[in-house]
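Residue numbers (my numbering), protein chains in the order written: chain A, 823 to 896; chain B, 823 to 896; chain C, 823 to 896; chain D, 823 to 896; chain E, 823 to 896; chain F, 823 to 896.
Since the hints were made in silico from the structure, they are not lab data. As the structure is a prediction and not an experimental result, all values here were calculated from the model. Warning: the hint list may mix true and false statements.
Which copy is meant is left open, because identical chains are indistinguishable; a pair holds if it fits in one copy or across any two.
Using 25 Å as the maximum straight-line C-alpha spacing, the simulated SDA-like pairs for lysine to any residue come out as follows [as the list claims (entries may be wrong)]:
{"no.": "1", "residue 1": "850", "residue 2": "893"}
{"no.": "2", "residue 1": "850", "residue 2": "823"}
{"no.": "3", "residue 1": "851", "residue 2": "894"}
{"no.": "4", "residue 1": "851", "residue 2": "893"}
{"no.": "5", "residue 1": "850", "residue 2": "824"}
{"no.": "6", "residue 1": "851", "residue 2": "868"}
{"no.": "7", "residue 1": "843", "residue 2": "856"}
{"no.": "8", "residue 1": "850", "residue 2": "894"}
Protein chains: 6
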Amino acid sequence: MSWLPTLQTNTPEQGYELAIKLSRMAVKKTQPDDETRSSLRHDYANNADSLTMASHVVATNFQTVAQANNYWRD
Amino acid sequence: MSWLPTLQTNTPEQGYELAIKLSRMAVKKTQPDDETRSSLRHDYANNADSLTMASHVVATNFQTVAQANNYWRD
Amino acid sequence: MSWLPTLQTNTPEQGYELAIKLSRMAVKKTQPDDETRSSLRHDYANNADSLTMASHVVATNFQTVAQANNYWRD
Amino acid sequence: MSWLPTLQTNTPEQGYELAIKLSRMAVKKTQPDDETRSSLRHDYANNADSLTMASHVVATNFQTVAQANNYWRD
Amino acid sequence: MSWLPTLQTNTPEQGYELAIKLSRMAVKKTQPDDETRSSLRHDYANNADSLTMASHVVATNFQTVAQANNYWRD
Amino acid sequence: MSWLPTLQTNTPEQGYELAIKLSRMAVKKTQPDDETRSSLRHDYANNADSLTMASHVVATNFQTVAQANNYWRD
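Hey, can you work out the whole structure from these sequences and the hints?
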């Protein structure tokens with residue numbers, strides 16, 4: 823099964839989770855080694871600017887997911 | 823209850839507050855420890871570029887929220 | 823009264839001013855102390871990259887405001 | 823007269839020039855002193871990353887201007 | 823044959839792969855030497871912020887691809 | 823003749839090339855000296871983060887060009 827079968831979600835919160843998943847997947851595709859990513863995670867989880875940068879990526883992906891779901895207006 | 827039940831808000835100002843909430847939630851999901859986030863907050867709240875970066879994330883999320891609300895034009 | 827009663831403005835220039843206001847408000851919400859912000863201002867107002875970063879945030883907010891006003895085409 | 827009477831331009835090239843103007847105006851509003859800006863200009867005009875950052879801001883503003891002009895398709 | 827014959831893809835996952843391809847192509851056009859890119863890859867694949875930056879570019883391109891495919895809603 | 827007569831291109835690949843052109847033009851307008859740009863090019867073409875930043879600008883401009891061409895769907 824695909825890791826990304828659809829951009830549709832039932833709720834905004836699920837859409838936000840999908841945005842996080844999309845953000846992490848690009849990292850995983852560039853650095854496939856789980857252990858390396860895990861150690862890097864410690865770095866950026868304790869650095870304010872790194873966290874802000876990560877939040878920016880989520881925000882960008884959330885734009886896409888929200889639009890795909892017509893902002894869950896329907 | 824969901825932390826994000828809807829992207830709809832009554833006013834632009836509430837929409838802006840929601841954009842801030844969205845920006846912080848991504849940080850919280852990456853660094854769930856309240857104390858760590860609190861200490862990091864001190865770092866970036868006193869650094870001009872960090873504040874600008876944070877404002878950029880809010881701006882990105884505000885785009886999403888504003889569009890979800892049809893810019894509160896109705 | 824709300825600091826953000828509407829995204830509608832009469833002219834593009836007023837829309838640009840609103841974009842600046844939106845950009846600064848996120849900073850203010852993160853660093854509410856006026857004196858601290860004032861001293862930080864000196865830092866980034868004299869650093870080329872800081873100014874470019876600030877301009878990027880304004881550009882992002884101006885996208886939102888311009889769209890809210892249908893680009894003042896009407 | 824306003825420095826930004828309209829987002830409409832006759833040609834894409836004029837639209838690009840307007841995007842540059844919008845990008846610089848945010849800098850000017852933050853650092854109004856001409857001489858300071860002039861000396862900072864020397865800094866970033868000789869730094870590859872600074873130039874890339876500046877180009878990113880222009881790209882963001884060009885999105886707005888291009889959309890305002892319906893991509894000069896008409 | 824073109825490396826980019828179309829922005830249409832059958833599935834969201836293929837769209838995401840295309841977004842990665844678009845992100846890497848700009849790098850390739852700036853640094854065409856395979857060996858140099860390969861050695862740089864090692865650098866950024868082991869740096870948290872570099873990976874986040876790369877993920878941001880993918881997110882930006884994924885916005886384009888997703889919109890081109892009408893979010894695979896049809 | 824204008825360096826940017828239109829945003830319309832026949833193919834996605836040509837659109838991508840135009841996005842690169844738009845990205846470089848902003849740099850050229852800020853640093854018009856060919857020799858300086860050429861020497862800076864060496865800097866950023868050998869730095870992973872600089873290349874990622876450049877790719878981000880291309881992605882932003884490609885959003886504009888792709889939308890101007892209705893994603894080459896027609």
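(Q) Taking the earlier hints as the rules, which of them does this structure contradict? (A) none
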